[in-house]
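Chains as they are written, first to last, in the UniProt record's numbering: chain A, 1 to 362; chain B, 1 to 362; chain C, 1 to 325; chain D, 1 to 325.
Worth flagging that the hints you see were computed from the coordinates, not collected in a lab.
It cannot be assumed that every hint is accurate.
[Said to hold, decoys possible] To be clear about the criterion: a stretch of chain D counts as covered by chain A if any three or more of its residues have a C-beta under 8 Å from a C-beta of chain A, and this derived list gives those stretches:
(1) 24-34
(2) 121-131
(3) 303-311
Owing to the predicted nature of the structure, the values given are computational and were not obtained by experimental measurement.
All C-beta atoms in this analysis are idealised placements derived from N, C-alpha and C, irrespective of residue type, glycine included.
Spelled out from the first residue to the last, the chains are:
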Amino acid sequence: MLDQLEKEIVQYLTPEGKLTSVGELAWGEIPTDLKKQFFQWMTQIRIFDRKMILLQRQGRIGTYAPLEGQEAAQVGSALALSQDDWVFPSYREHGVALIMGMPMQQVILYWAGRVEGCRPPKGVRLMPPAVPIATQIPHAVGAAWAAKLRRESYVSVAYFGDGATSEGDFHEGCNFAGVFRLPAILFCQNNGYAISVPFSRQSASATVAEKASAYGFPGVCIDGNDVLAVFVTMSEAIQKARSGQGPTLIEAVTYRKGAHTTADDASRYRPSDEVEEWIYRRDPLVRYSLLLQQDGCLTKAEMEEWEEECMQKVEKAVKIAESFPKADATHLFAHVFDSLPPSLEQQKEALQHLEGGYPWEK
Amino acid sequence: MLDQLEKEIVQYLTPEGKLTSVGELAWGEIPTDLKKQFFQWMTQIRIFDRKMILLQRQGRIGTYAPLEGQEAAQVGSALALSQDDWVFPSYREHGVALIMGMPMQQVILYWAGRVEGCRPPKGVRLMPPAVPIATQIPHAVGAAWAAKLRRESYVSVAYFGDGATSEGDFHEGCNFAGVFRLPAILFCQNNGYAISVPFSRQSASATVAEKASAYGFPGVCIDGNDVLAVFVTMSEAIQKARSGQGPTLIEAVTYRKGAHTTADDASRYRPSDEVEEWIYRRDPLVRYSLLLQQDGCLTKAEMEEWEEECMQKVEKAVKIAESFPKADATHLFAHVFDSLPPSLEQQKEALQHLEGGYPWEK
Amino acid sequence: MGEMTMVQAINDALRVALKTDPQVLILGEDVGKNGGVFRATDRLWSEFGEERVIDTPLSEAGIIGTSIGLAINGFKPVSEIQFLSFIYPGFEQIVSHVARLRTRTQSAFPNQLVIRAPYGGGIRAPELHCDSTEIFFVHVPGLKVVTPSTPTDAKGLLLAAISDPDPVIYLEPMKLYRSQKEVVPSGWYEVPIGQARKVRDGEDITLITWGAMVPIAVETASKWEKEGTSCEVIDLRSLYPLDEETILSSVKKTGRAIVIHEAPRTGGLGAEVAALIQEKAFLYLEAPVIRVTGYDVPVPMFALEDDFRPNLNKVSQAIHQVITY
Amino acid sequence: MGEMTMVQAINDALRVALKTDPQVLILGEDVGKNGGVFRATDRLWSEFGEERVIDTPLSEAGIIGTSIGLAINGFKPVSEIQFLSFIYPGFEQIVSHVARLRTRTQSAFPNQLVIRAPYGGGIRAPELHCDSTEIFFVHVPGLKVVTPSTPTDAKGLLLAAISDPDPVIYLEPMKLYRSQKEVVPSGWYEVPIGQARKVRDGEDITLITWGAMVPIAVETASKWEKEGTSCEVIDLRSLYPLDEETILSSVKKTGRAIVIHEAPRTGGLGAEVAALIQEKAFLYLEAPVIRVTGYDVPVPMFALEDDFRPNLNKVSQAIHQVITY
Ligand SMILES: Cc1ncc(C[n+]2csc(CCOP(=O)(O)OP(=O)(O)O)c2C)c(N)n1
Ligand SMILES: Cc1ncc(C[n+]2csc(CCOP(=O)(O)OP(=O)(O)O)c2C)c(N)n1
Ligand SMILES: [Mg+2]
Ligand SMILES: [Mg+2]
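Make a model of the complete structure from these sequences and hints.
The structure is reproduced here in structure tokens:
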């Protein structure tokens, strides 16, 4: 997977923190505030992510899917979206979720096995993580279809991984998006692996992006660790979608620095030189920090201050999540149907009247 | 669908019965015997097909899926195959089945609702028609995989329609074929419609062939009513597959002259000028007969003689099929498991002891 | 309204729904221009336009998956799966998403959708068109499952399904599509989901069934009536939730029950009904609950389908067995 | 052989099969280099090479569909579906093809394949990883379905499945993967499919269960033993075909039965077992057959999974109910 970056890809910011020529142009057009936000969000979610791994190690949450290394792909794409756009994430898009407005404590609750972590606040159009791979893609396409049928201008984004491209749902979703020319964005974070399976074993096409031609719409392969390339490409795709020009498939080439989940041991299947290359030379946050410092947007001190702030936010969210009252067992029945049929009422009652201990102990 | 033929496609024989320049070359290399076989098989299956429609109208078989119009695609492709190649047909490939060695009476039995019509004779590697669309594609790919793992040189062909390309199974099957570089041939008869749905509503790519690039192997779009183009293209794909160069997707552009099945009314969704164009100007058998006559391979009299022979073959097969002894009800249990578990033995016994009439009538 | 067959009643229900509720959409394979392979959507495409009656690609996961995306935005998609036997490519979307969406979002988004599918045998259909796998959906929490046996119920149940805030699998017994005509009320009316229909009163034994087996139960009951055995016939209509009250009060009266279904026996809905009855009416039972079902073999091609399916003869034998127990 | 956990026993069975039979192939997601997410295929890739232990694309329909093409050519694919909850994209291949291939080809081609899948809850797994939808497969004629509850059974059943000429769905209770170690016989041995295991003798009541519920049944039985109620515990092991004889002879002895399973109640395998018992042992029953099961709600995220699943408490309550009926 060292050749992940040897694909023909769009790059604005090199791993060394230098703007490419297209990058220079783009940089000039981005407001300072947004430049800071890129940094702030990438920092925020990295700190969040590391804390989550820690919580898992301490048994305070369950298995967790870390995102470190994929911050640019998530932040660059999500910051290009508006409030009324729809997002259909996979299980690794905590960054996207937070940016879309999901309270951090809820993301924590989700990984603590609490279904209450699934429900977004009013006005946030975000589905819970799609656990069965690729299944969210047709949903996103359906939401895009609703926009088109209603003549509304929101777009709908499906986030998924490279592995997802092998599933039928990817194909069927993309096909509908193409046939009906829907305002959908298919955003693939190609991190080179589906758990242990390298992309070369997943697909015989060199890129995910080129698969778009089978569906009659454009595909773009971009450096997913380059927040600028991600943001600009995503913004263009959104613009096209809003103006009725149909879907775009974006392949953001990236890498997860850590394991697939906290239950995974990535050293079984990834060569250490490859991992090191990505950790030490291609980190999305490091390269962007270099640019910012060089550009003078943010000083090192300001950055550290921000990091401190992020840590506090995370600690606070953990506290809220952990003091969130435990749901009663009957919550099992709370959102099954709009109203419970009699047999479910009976089951709920039986659960309520379930007494502890053994009959003879009473 | 008049523009079916306006795609960039390989053509050897024009609808007017003229050889194109590539066609001239190919024609010179095809042995006379094979030239005759193209005609003979196309004639045979057309006569068979018309008889089947008649049988259905007379209530002697059930719903039937006619193939008229697609003879060149089926004959050209199947005659390029060898005895130990595998074929995974859909429900319209009666022509392919007959060529591969399926006795005609069995094809009739199948459409008469008899499962005995499913089983090919020993040595014929042909699966029963795949009724759920696209599901046979992964099977064909699996059989190709077996060839590769065993270092055997047979190839495996999946036949399917344009509608099938929208299913996940098409995608997943093609993807395996590409990733493992298997000796599989994906043979799509694009007849412009999936029942009533035109290809433009099925896919936003202009051709099926170009979808192959998503899977890292070549796709070719050919005139499917041109038996020469089909045969030569198929032979090349087979050659490549046998020599380890992986899969090919072949899109044979064709048209069914009649309805989707005998239960369908195609006039509800196909414009009559389109239908007439294909029936009267683009017929695969007519154009090939013109060539043969012009070339002097076969005289009109010989052709008529052959037609007579075909009719007799069909009549004979119908007779055999219709005198095929009715299976006993217990045949339900004949091929469920290698050996019946006790509960199924009991069910079988119950069926055997099922008495007619009502208890009080005894 | 004049007399209608079941498929006409379904068509009528769809028309009424499209007219009444602008959020209703119809989508599926061949549902538009062609009006559906059984004509269930006949003329709707020309009446309501291709943005409300939508021909989709051949893609069940696509149809069901995009329906979810439409539903959470307030549309009420009524999708047609051409035959129940072809629903399996979309099965994951149903099991993992349609059924769980309310729970997974804690009711944050609407999820009002109906999936219609013709099912069952008896019409000499081609191979692999005749599954009766209703139990797959009954077993999945979060779905409702209904099936009519008359034109009137067909329309009323479909409108109830469309207005139900939860997803409903609506199964259409192909065998009954055109077997019976009756006067069907015009306009919008609903047959409540969760209520069985007592088709026939009886004293000695309860026949519990649904869909295409209802006429067989009724016919068998008439025969036995003349011989002095009186059968109560219950058409479940709603396969989930079950109308336990109607089932149990009938069996408590008769003391005997037979469940009849087309699906293979093992793990079919008959097992649930039998388990339920013995659980909740144990002391009333004078004989075990007997099942008359398809055999545990793949649904056969049509030459043997009559041997596979329950019929007067098989039901009659079961009645004999139960009353002489 | 030393002591083994269940997952080690499964690994051992696969190794023995690969060694003994050159037609055996292993395929699935992450089964190769990574050795499987639960390590069920640990080291097999390096021992047998990537042509026999094959990492596939992420594609369940692809895995199962190509397995069919391999099987008809004489291979014996043992495919791993990473979690039963993710088998649904391949469900059509199972229902329409794996199960029907023998019938549809009239036994013309071999179809010897095994599909392995971890299933069930109790290990705080992430959302949507914990389905127990065994009934889906039990209901499909043409499939055998087995699940072990001990390391020894795990190995023997898996080898029986691999040598069975018909397709077998082999379900692995994740909860038991590492919960118990025992000495497992070395080499090839088989636990016959279709035979239940009597885990514990008893006189007063029969507890029928399988998979991860077996230890719960046993534990509950021990508790009640001390209080003078003696429970017989039967581990079905084979969910299809059922070992009717073992079930019925036990219930005929005890006169009382409870079925315990993790899956939601309605339409679960418990219904079949209850229906069967009342049908064939009606006159022996002193109380209705009671089911202790998951509720008819979507399998919850892990914070509530203990509330969802049957446990000592719930089984105990059912025993109380049955013996005081
Ligand atoms: C349908 C389905 N099959 C299998 C799995 C198990 N699984 C979870 S994540 C994963 C790999 C996904 O890889 P990719 O799409 O590249 O996303 P990434 O984890 O790299 O972000 C697999 C196989 C699943 N969740 N769903
Ligand atoms: C999975 C599935 N969905 C739906 C159907 C119903 N159906 C039968 S044929 C057909 C159209 C197939 O079109 P195409 O693939 O183009 O083949 P053609 O009939 O044109 O040869 C449909 C929708 C089916 N058989 N299987
Ligand atoms: Mg990945
Ligand atoms: Mg077609």
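How about the segment 121-131 of chain D: do at least three of its residues have a C-beta closer than 8 Å to a C-beta of chain A?
holds (count 6)
Chain A over the segment 303-311 of chain D, status - at least 3 residues with CB closer than 8 Å
Our answer is that it holds, as 5 residues pass the Cβ test (under 8 Å) against chain A, meeting three.
Taking 8 Å as the C-beta cutoff, is the stated coverage of the segment 24-34 of chain D by chain A satisfied by three or more residues?
That given contact holds, which follows from 5 residues of the segment 24-34 of chain D lying within Cβ reach (below 8 Å) of chain A.
No hint from the list above goes unmet by this structure.
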